[in-house]
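**Q** Single-letter residue listing:
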Amino acid sequence: MSLNDILSLLRISLHAMVPLALTAVGEIVGETAGLFNIGLEGILLLSAFGGALAAPHGGPVVGLLVGMGTGAVVSLVFAVINTYWKGTQMVTGIGINLFAMGFVAFGLIQLGAPGFHDVPKAFELTKLRTPMGLMSPMIGIALVLPFVLYWFLRRTRAGLMLKAAGEMPEAADVAGINIHRIRLVAAVFGGVLAGLGGAYMSIAWLGVVTKDLSAGRGFISLACVVFSGLNPLLALLGAFIFGFFQALAEWVKTLPSKPIPGEIVSMLPYLITLLVVSGAIGRVRFPKALGTPYKRE
Amino acid sequence: MSDQSAPSRNGFFLRAERITKVYSDGTVALKEASLELRPNEIVGLLGENGAGKTTLTKILSGLLPPTKGRVVSPKGAVRFGSPREALDFGIGMVHQHFALVGTFTAVENVALSHERPFRRIRIEETRRKLERLIEESGLRVPLGVPVEKLAVGEQQRVEILKVLSRDVDLLILDEPTSVLTPLEVDELFAFLRRLRDQGKSIILITHKLKEVGSITDRVVVLRRGEMVGDVKTSEASVEQLARLMVGQEIEKEADAVELKTDEIPRAASRREIDRSGDGVLHVENLVVKGNTGETAVDGVTFDVYAGEIFGVAGVEGNGQTELVESLAGLRVPVSGAATINGENILGLDPRQIYRLGVAHIPEDRWELGLVLPFTLAENAILGVHRWEEFRGPLGLMRWGRIGQHVRRLMERFDIQATGPNAPAKSLSGGNQQKLIVGRELAKDPAVIIAAQPTRGLDVGAAHYIRQTLVEMRDRGRAILLVSADLDEVLAHADRVAIMYAGRFVEVCPPDDLDRQRIGMLMGGAAGRETE
Amino acid sequence: MSSVESSAQSRWLRGIRRTVTGLHPVSESLLAAVVGLLVGAVLMYIYGFDPWRAYVGLIKGAFGGSYELASTISRATPLVLTALTFSICLRAGMFNIGAEGQMYMGGIASVLVAYFVLPRGLHQIVGLLFAAFAGAAWSLVPAFLKLTRGVHEVISTIMFNWIARWLALYLAIFVVVDPRRPEKTLSIPISARFPVLVRGTDLSYAVFVSVAFALAMYFLLWHTAIGYEVRAAGLNPSAARYGGIRSKRTMLLSFVLGGVAAGLAGASIVMGLPPTYAIYGGGGLPQLMNLGFDGMAVAMVGRNHPIGILVAAVFFGGLNAGGRVMQFYGANPVPLEMVRVVMGAIVLTMSVPELIRLFPMIRRRGEDLFGILRRARRTERRESA
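Residue numbers (the numbering used here), protein chains in the order written: chain A, 63 to 359; chain B, 2 to 532; chain C, 2 to 386.
FYI, nobody ran anything at the bench for these hints, they're computed from the structure. Note that the coordinates shown come from a computational prediction; the quantities given were computed from them, not determined experimentally. Please note that a few of the clues may not be correct.
In silico contact screen, one side only, chain A against chain C (beta carbon under 8 Å); selected entries [unchecked claim]:
1) Thr150
2) Gly157
3) Ala167
4) Gly291
5) Asn293
6) Leu333
7) Val338
Glycine included, every Cβ here is placed at the ideal spot set by N, Cα and C.
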């Protein structure tokens, strides 16, 4: 393996890290407040699709914004159902995923696309030239955001409020915090970030939308969240690790002589995720009120 | 009845006028309760379980709205829509079950109550303020440790500091000493006295008579939602308070007094009970830890013999729950022994215990006693669902036979429902409890453990269940009756143990006690403990 | 309670409210189905299709004739099983999202019957056993991870879905591949195939396996002691403990049964789907794909009850079969994928609890507003609470 190969691998890893990091960090905010959104996969798909559709009409930034908006809307629906309407978070999430799978597939057909839809190169987010090759500026955002959120969660009162809402809503209620409202805001924020991650995939990285573009990334992000113990910095690390294995799988597939079949390598990211989650669970501690709707008295 | 104290020089701080609170399920928690709170005063709010103390203070602190009545300040009527509004007004409550976020440190918990979401929390500033408060109040607490790792007494201090940091004028403490060691209690009381001298108004909710005597200036007694006494502490005697608390009005004639209480006729057993040797249920030196690691049952020894009802009276929270749980297979005790007819029951799982001839009427019928979405039939076999009579060939359930069984139960216990297939949650509380009782008694048990069996029931249902227990007793069963309803225990038990702080402080036939003494025992005022 | 006016109008409204809130849960499913179809119609309309024609085509394609019916039932067959996977575990209080992966493993395992010869009936049974075993094994690992390491079953089952996908692909391409036609696995030998039930369709005897398993699960859950324990533990773990039920046991049992169900689903496709009776490797196992997730939708609409699942599976099978026809029907046909959109919308709607009770709530808000206005207009007559 030459230096070039290593750099190449690193570059791809960083790119692969972005949607995972963004989604995971967004979900951390949501889970800190007590909402467990299993519909991330669907949000990724929908925003990738939405962003890809919008980019040709307004440029890549607009596409990204549309992606974020899509994520916001979907998670708003999720949040309302599961706070004010005291719904079942799991079922809502599954519904979102199913809906997204169908809708994107349907939409692709509508575009006359044979299963995938290219985002015209001109409208992709320009990549920057670096010594490692062409890299998307989104990587920078994905690297910085976790630090910002880490500070936010730890050092602002809003971060405290979020944690209180997720850990012991009764205490937060007594302190005068509107539990439903804060969970709503947290979920929407998570949706915005996931939407950004999804749109990134179609506009800034892969340049294409297929009906299973997300490839389980939503769930891998969830595993990232578990691994991180709701610490955004650890989530970033986890995202990089998983991204690395995804890149590795891709890279092995491109090798002329195939030492390991592509299929086996493709299993790696998920296996690693599983191993990490199984190992990490012992020392990780989740907000006590995660997943349960809040009722006063 | 009540003796209105003269208003203090500074007037009043807050007044509750004729507060009535009826919950959505119809329970009347408060009936025209009035209370005046003045600065420089510590008021003790005394009463048994369900008297309405917590409800009243929740209304004062903004957690609950009153159904009728109002709260008045010198400036006019006030309404608190949320705890925060009450806090802003100057009312702070220290709950019995702390409203603290376990993973936060003390500083973070305090910071939670302050304004401005997006400001960077001035952790340093809050910490300094907290340190100053600690200096002033003498309530020492480590500031950098997650609250869940602190001792319970320290947690309580955090809760108090949290409230103090908001500059309250009225401080409400709900059973604060139930989790404190005697030394911590002294420290707390010294602190409260200092606060009072600074001009604050303090409400201390308690069921402990000794406390009332030692720290309060005035005592208000609630009983079944009504205000039955408002006296200056210096002018009241412990006996008097005990009587007020447990429902005996101050009458000249001692005999006529008995009739003033609820009409529960004495149902003492006429039979001679053989109390030689160990009882059917024999418990020796049982020590059980509670959920937070504290010792809930502190070495209890007793026997329940065939043909008697052994009553355990006392205010809830003194270890009764843990005692029952350890005997029913739901909690593993720390040490001690317990046997049924000589066979050990500690550490067994519930089904094994049932097979030894035990029936358990649990104190929480929704959490433990029933699976609410299940039908009556399905609930009627909970715990006995594997018995042969309910199963046919291939181990399939014989729902036909189970249905018959349920119908028989419904008839015998007068359970009102549309049929065996009605969901349990459609039944009223009384009928649900009757279902549970019927189910348990159908096991033909040798021992019946009844925990709070008539709690929350209407008079008819409660009466029926008590009668049933008496019937079982007359048929030679051994019954352990644990109840916070003193009248119930006194009227039906052949022997009574008063449980206080994890111990039995007195065990004797109910005739040997007068209500006043009982009240004192329940309040820990006359401690002659059995070993 | 505030004073009630007994004008005819409010009595009428109250009657509606009482009817609506007292309805059976079945109606919630119906309501959700209707909402889902409406959402689909709206989307179709937005995209310029004719929803009416589309749905006509759908219905014709699902129930229009014996061929169509057979098609519907054939598609319903695996859905029943994957739905049961989700439902059985849900009844035990668990979220088993792994039907997809467990099904893949079951399908691959059933291909193994191609390696030996057995008389007719036995061969099929063995194939089913292999599939059941593989599905159960695949489901038990997440179960143990939960029991021993506390790993949330949602994440572990989903990871296993993806691992299974790749593993099955690998096995299909490299291990059990048909040497003469490498794009697919070995075909199930004739002695092991499920014969076709209705000539000319793809409905095979596998449907009986499906129905039999569903009925067996019904009996298990509602007519045996262990089934009772599973349900109790799922509904109220504390009360179950009080009743002497060990929740570890119920949990493991539910996962085993769920895995068996999904494995059988895989077998029903591989051993029952003409003409190839094999798995195609290319394109990611197209015959099996998404049956696991669709099964979840079926489970929810079927209220997690085996009988309800049978009905819901026919409904969803009809959606699938009809969708196939709908995409060729009329001048401007609607693509097949719309069916999944409808499914997703249905599930989303089902996730709102007590959907029906929301309407009275909205009405009550309106009532409150109305009452305030009324009181403002009346100058005297204070309301006594």
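**Q** If a hint holds in the structure, say so; if it does not, say that too.
**A** Checked hints:
With 8 Å as the threshold, the beta carbon of Thr150(A) comes within range of chain C, its nearest partner Cβ sitting at about 6 Å, so the hint holds. Because the closest C-beta pair between Gly157(A) and chain C is about 4 Å apart, less than 8 Å, the hint holds. Interface hint at Ala167(A): satisfied, since its Cβ lies 4 Å from the closest Cβ of chain C, which is below the 8 Å cut-off. Against a cut-off of 8 Å between C-beta atoms, the interface hint on Gly291(A) is violated, since the closest Cβ of chain C lies about 13 Å away.
Evaluation of the Asn293(A) hint against chain C yields a violated restraint, the C-beta minimum of about 17 Å exceeding 8 Å. With a least beta-carbon distance of about 6 Å to chain C, the hint placing Leu333(A) at the interface is held under the 8 Å criterion. Nearest Cβ of chain C to the Cβ of Val338(A): about 10 Å, over the 8 Å cut. The hint is violated.
Consistency note: the structure conflicts with the earlier hints numbered 4, 5, 7.
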